[in-house]
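Chain by chain, the residues:
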Amino acid sequence: MTTTGTTPPRTDGTTGSAASGPATARAARAMLRSPGQRPANRHWSDRYLPFAGFGVGGALLFGPFQRLLSDLSTPLPPAPPVTSAVGLALVAAVLAGLVQIAAVAGPVLLTPADARWLLLSPLDRRAVLTPAVLRAAATAVVVGVVLGGGTLTMLGIPDHGALRLAAAVVSGGSYALTGVGLAALAQRSERAAPWLRRIAGGAAVLALLTGVTVAAAGGAVRPLPAVPLSAALAAAGAGALCALVTAVAVWRGLATFPARPVLDAAARLSAAGDAVVALEPSFLSRVAENAYWRERRPPSVPWPAWPGPLVLAWLDWRGLHRRPARLAALALSTLVPVLLATAWPDRPLLFAVAVLVLGLAAASAGAGGVRRETGSPALRRLFGVAELPTDSARLALPTLLAGAWLTGALGLLELAGVLPGEGWVWLGPAAAGVPAVAALRMARRGHIDHASAPVVMPMTGSRIPVGWLTWSLSGLDVAVPGLLPLLLALSDPAAAPGPAVAAQAALSALVLSGHLWRRRRAARLPHRS
Amino acid sequence: MPVVVTRDLSVELGGGTVLDRVNLTADPGQIVAVQGVNGCGKSTLLRCLSGLLRPGGGKVEVLGAAPSADPAFWREVGLLAEEPSWYPGLTVREHLELVALTHGGAAPVDRTLDEFELTARAGASPLTLSSGQRQRLALAATMARPSRLLLLDEPEQKLDAGFRDRLAAMIRAYAAAGGTVVLATHDAALVTATDATSLRMRDGRLAQAGPVAA
Numbered sequence: 001m002t003t004t005g006t007t008p009p010r011t012d013g014t015t016g017s018a019a020s021g022p023a024t025a026r027a028a029r030a031m032l033r034s035p036g037q038r039p040a041n042r043h044w045s046d047r048y049l050p051f052a053g054f055g056v057g058g059a060l061l062f063g064p065f066q067r068l069l070s071d072l073s074t075p076l077p078p079a080p081p082v083t084s085a086v087g088l089a090l091v092a093a094v095l096a097g098l099v100q101i102a103a104v105a106g107p108v109l110l111t112p113a114d115a116r117w118l119l120l121s122p123l124d125r126r127a128v129l130t131p132a133v134l135r136a137a138a139t140a141v142v143v144g145v146v147l148g149g150g151t152l153t154m155l156g157i158p159d160h161g162a163l164r165l166a167a168a169v170v171s172g173g174s175y176a177l178t179g180v181g182l183a184a185l186a187q188r189s190e191r192a193a194p195w196l197r198r199i200a201g202g203a204a205v206l207a208l209l210t211g212v213t214v215a216a217a218g219g220a221v222r223p224l225p226a227v228p229l230s231a232a233l234a235a236a237g238a239g240a241l242c243a244l245v246t247a248v249a250v251w252r253g254l255a256t257f258p259a260r261p262v263l264d265a266a267a268r269l270s271a272a273g274d275a276v277v278a279l280e281p282s283f284l285s286r287v288a289e290n291a292y293w294r295e296r297r298p299p300s301v302p303w304p305a306w307p308g309p310l311v312l313a314w315l316d317w318r319g320l321h322r323r324p325a326r327l328a329a330l331a332l333s334t335l336v337p338v339l340l341a342t343a344w345p346d347r348p349l350l351f352a353v354a355v356l357v358l359g360l361a362a363a364s365a366g367a368g369g370v371r372r373e374t375g376s377p378a379l380r381r382l383f384g385v386a387e388l389p390t391d392s393a394r395l396a397l398p399t400l401l402a403g404a405w406l407t408g409a410l411g412l413l414e415l416a417g418v419l420p421g422e423g424w425v426w427l428g429p430a431a432a433g434v435p436a437v438a439a440l441r442m443a444r445r446g447h448i449d450h451a452s453a454p455v456v457m458p459m460t461g462s463r464i465p466v467g468w469l470t471w472s473l474s475g476l477d478v479a480v481p482g483l484l485p486l487l488l489a490l491s492d493p494a495a496a497p498g499p500a501v502a503a504q505a506a507l508s509a510l511v512l513s514g515h516l517w518r519r520r521r522a523a524r525l526p527h528r529s
Numbered sequence: 001m002p003v004v005v006t007r008d009l010s011v012e013l014g015g016g017t018v019l020d021r022v023n024l025t026a027d028p029g030q031i032v033a034v035q036g037v038n039g040c041g042k043s044t045l046l047r048c049l050s051g052l053l054r055p056g057g058g059k060v061e062v063l064g065a066a067p068s069a070d071p072a073f074w075r076e077v078g079l080l081a082e083e084p085s086w087y088p089g090l091t092v093r094e095h096l097e098l099v100a101l102t103h104g105g106a107a108p109v110d111r112t113l114d115e116f117e118l119t120a121r122a123g124a125s126p127l128t129l130s131s132g133q134r135q136r137l138a139l140a141a142t143m144a145r146p147s148r149l150l151l152l153d154e155p156e157q158k159l160d161a162g163f164r165d166r167l168a169a170m171i172r173a174y175a176a177a178g179g180t181v182v183l184a185t186h187d188a189a190l191v192t193a194t195d196a197t198s199l200r201m202r203d204g205r206l207a208q209a210g211p212v213a214a
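Chains as they are written, first to last, in this note's numbering: chain A, 1 to 529; chain B, 1 to 214.
Just chain B, with the same shape it has in the complex (with noise of 0.2 Å):
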């Protein structure tokens, strides 16, 4: 059963048609790339795929549910979305034992202060870290715990090359323990290296599918 269907899905904000007729699945452990210029709309999708943002038409499914506002569906559903609030009290350690305490079952604390290459920075506050840092702990809150779909926008932003290899090599291992991901990015070079189906959207539609020329 596909983890992701949406069938024409549309939203209007502002007076303007930021999708048209979105049509989009994605099966589980499959990674889905969609790519587009600023302001074409991925970002609008995710927050739609997330619950976050009521369509205006069509049909939007998660997991074989409308995103509901059940808070159970986060367990299910990792978000990477703008950078977060931080607690300015919480160490950045102190924010992943905080995820998984809500979550339950994540990976051990220092496993992935370690994957995120954040052991050196483990007792300072997000606040002192520097933005690819930050966007490495994000990161980290995101993937770090169990879940069935990852929807992460721009999750390349702010990070070093080597990083983004890395990165590249989480996402694929996600994928290949059956989880599924969405991810909305500029970053020609990840999608290669994740092996993803790329989409292009243009104007609020996807326009095209399959592979995209570098």
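Isolated chain A, as found in the complex (with noise of 0.2 Å):
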């Protein structure tokens, strides 16, 4: 065993180029995919599954391929003028929630391992980005090609249909190119990238406010002018050049993109990778929970003297008050059913969902406190406070939070004129308590339970994991029967909803008292702490 430890120093003195390095990345990618040539990596299935991935999905394709070249010859009339301008503002607000997400996401994204041991190297740094470049590129085509199409179905195809199909297909695929290659560039720039990501968060927010404008104007609105296929075709020239321009600029920055925000980007990927391997979906909340609040420094406040009950469900209360962006977006949800109402009228089930998913969202944000200490009561121990008060003064805020974003997104729904005659606005506070309580114990349910035995069905012999179907339906299933006298009344709404008012309050009473009960009685085991 020699000791003279490490290789020496390089004696040149020379930093060399990159294109002169040792090896290239299509080298070291290689070998990575076969790594000493095992024989073990040359399976049959790895050439036949993407062979049998491609041949089935282009058999489902093909239908609908045929179908849609065969409905070109025939004119398509433009949807009714709302859903028309209520789908376009939509189709902006996915496209700036894409390039959103882009920004959040990388674009320029690597695995953990490819970070530290491919890019953290003398390798050609275009070569070891080109690939992750090439992914983000061809889901942001995919994207905008399909709302290309959805845009077109809403705008009409009065002539050429072949013409304006191709038109559509790409000013979307390059218009989405084009804001995701713009993150790309913003990804660089440590001041650029936050601003990029407020502006794509402040477009969507403008689309969707657009939308609801023009869906509380009902039939004011006038149709859509007819788009010439000289102006459609303009439009996707346009969109290529911006896209071809964008492109270039991204393609010349790689030789020098910066390791740190491609580090980072990697280190969320691998949280999300995590979340996935460990199907945990909590694990995502918690690290963008952290992320949130590493990057802050908030004020130290003192406790307040008030009974230990009431101090911890204050933590609540202070959690949410520094976070005044999550309180804002949840006022901003408000819109989301009056604008799912209108661009879908005929689907009522699909905003009264809307209306229970957000509102059970509501509540979850006043319930932090449970969630974090599910599993371990470490603060509550310290306090030394009884279980049952602390439950108790912790319902409050999720209560007031359901109530008050149900009161809210009711009154829209009655303003725009979704809901017929008047008085819907008292189903917020009569309802409240129900999400109120399901938000507690989706925050109480903890892990998933991945060793629980799954159930063999009978007739089909399939096996349903049972832990996740519990972690799924924990808290749904309080909320669904709880809020049963809302859904129904959304569902099929009347024109006076007072019979609706009074059966939610009474259900909403009877399930806040089931809870404190059951609360009680879990309290006074002798296991629990």
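Hints listed in this document are in silico derivations from the structure and should not be mistaken for laboratory results. Quick caveat, the model's predicted, so the values are computed rather than measured. Where is the CB? At the ideal position from N, CA and C, for every residue including glycine. Incorrect hints may have been included.
Where chain B lies over chain A, by a calculated footprint (3+ residues, C-beta under 8 Å) [said to hold, decoys possible]: (1) 111-122; (2) 251-261.
From chain A, some residues computed to sit far from chain B (all C-beta separations above 10 Å) [claimed, not checked]: (3) Pro-228; (4) Leu-241; (5) Ala-266; (6) His-321; (7) Gly-467; (8) Leu-510.
Dock chain to chain to rebuild the complex, using the hints, since each chain is given by itself in its own frame.
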């Protein structure tokens, strides 16, 4: 065994260029694909699975594609004016959301291992990053093409179906590509990246607000002017030019792309990967919450001189007070049911489900303390407070948030004329307790129990993973039956919601009483802390 | 010409000052050990030197220029920071072969495995190694290829006493051959064993230079 240690340092003192480096990124990736040329990595299934996947995918898509081509020969009327305008606003919101997601994810994104072993090496950086950029570009083009097709169905096809389709998909693909390309350019800069996220978020909100305004205008909306074919082709050409310019700028910048933003994106990917591999979605929310607080230095505030249970509940109020953007997002989300009801007026179940889900989300924003404490009630033990008073105190904020959100959303639905008659807002306070109880139940469910025995279906023999099932249903098992009067009233709106309000208030009182009784009973059990 | 020069290097993170006007110089063949309590800014200093963190103020020069995004920078600089992510499908040997492939001029892999006491686990996945063995593999990947500057963040962690002595000898040999080492450490024995120039960092400032009592 030698004792000289490491390889001696370079003595030439030259830095050299990446191009004259010891190996190419292609060679390194080839080695990673087949390390040591082991035959185990050349299993026949490696070739069969992609081949079969493409084959099945092609067969599935062939029929719709053929129908689409035949439909193009006949004129397609535009959608109703309100639906067209709201649909276009939603398309714009999705496009802005795509840019926002790209900016959060990377979009120049390597796996954590690639980031460590290939990025921090003398390999040509452009060659290392090109596959990641191509993946992001392909995703953008696919999403953009779908958006372009959706836009075309709303604007209608008066003539030249094939040319209009080509213009729509080229426009969608190129503008989406431009947006993701801008996100890649912004990723280089610590200052530009947050700005782009803000701009994309603002654009999404603006598009949603526009959609809501149009939806509220209802029948007063005039039909959109017909788009001449030349204008559609010009828009496609301009989009393609923008995409080309952005792509060239990204390509030129790849050679000296800084390592740090790619490492940060890889760390985020690693956290997301942990959540997927461990089948544990709560990892993601915890990582996002930790990342939020890591970038901030909240001011120290003295603890209030209140009884212990109220102090623990106060933590949730303080946490929410320190995240005003979250409250603003919740307030804005009250517009979503109106948008959905306007875009799909014949599907009342859609906005009823949105009311259920977003109402639960609003209540969950006030259940952070319970979520953090699940499995480790250290703070509660430190305070030496009993479980029941703490639970009761912690119900207040989720109840208030759910009540306020439901009142706002139902009021907007009523204002927009989606709900007939008056008095729908009273369903908000009447229902508030149910989402609060459901949110606390969701917060208390902890991690998924992957060790639970699966249920074998007697007829098919298939196995149902009980851990996933119970985890997914925890909270919904209270919210859905508890909000039944509200959901029934929304799915078949009547001019007088009074009976629904009374039934909902009675059911909410029952759910709240049942929850407190159950918590009291649980607190008395000897194994409880 | 100094290999590392910082002038009034300052960094703010999360609304607080992490590095406050740090001045540091390291010459070829010199070993500089930065010591200090947890959170005093040692790792942040190394991240600035490696170009992975842009300073808020002041100047950083490594090998005569600001740390750049040019990949050629990594031909000259080896960085050991937190535990790297491993390729689950690659063995210990293959990780070192990858380093040899990407950097060129690395020591023969068999010799590296021997020096870092990993020969017996050469065919294993890094994920099956003990934490100390993984630290040795990370050190091997950093040190067993040519460079002119080594940035080592707590290289001694998780290592047994015997290998710590070996690590000190390796660092000394590297410096004797003309390389420069900047290491952040809590191990006073490692500082002594490497004859390092010791600097003490406190609240983001280099507060004291010279030998540090163990």
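Okay, the hints, checked on the actual structure:
1. 111-122: holds (count 10)
2. 251-261: holds (count 5)
3. Pro-228: Answer for Pro-228(A): holds, closest chain B Cβ roughly 47 Å.
4. Leu-241: Consistent with the label, Leu-241(A) stays out of reach of chain B, its closest Cβ about 28 Å off (over 10 Å).
5. Ala-266: It is violated; Ala-266(A) is separated from chain B by about 8 Å at its closest Cβ, not greater than 10 Å.
6. His-321: 18 Å, holds
7. Gly-467: Consistent with the label, Gly-467(A) stays out of reach of chain B, its closest Cβ about 25 Å off (over 10 Å).
8. Leu-510: 47 Å, holds
Hint compliance for this structure: hint 5 is the single one not met.
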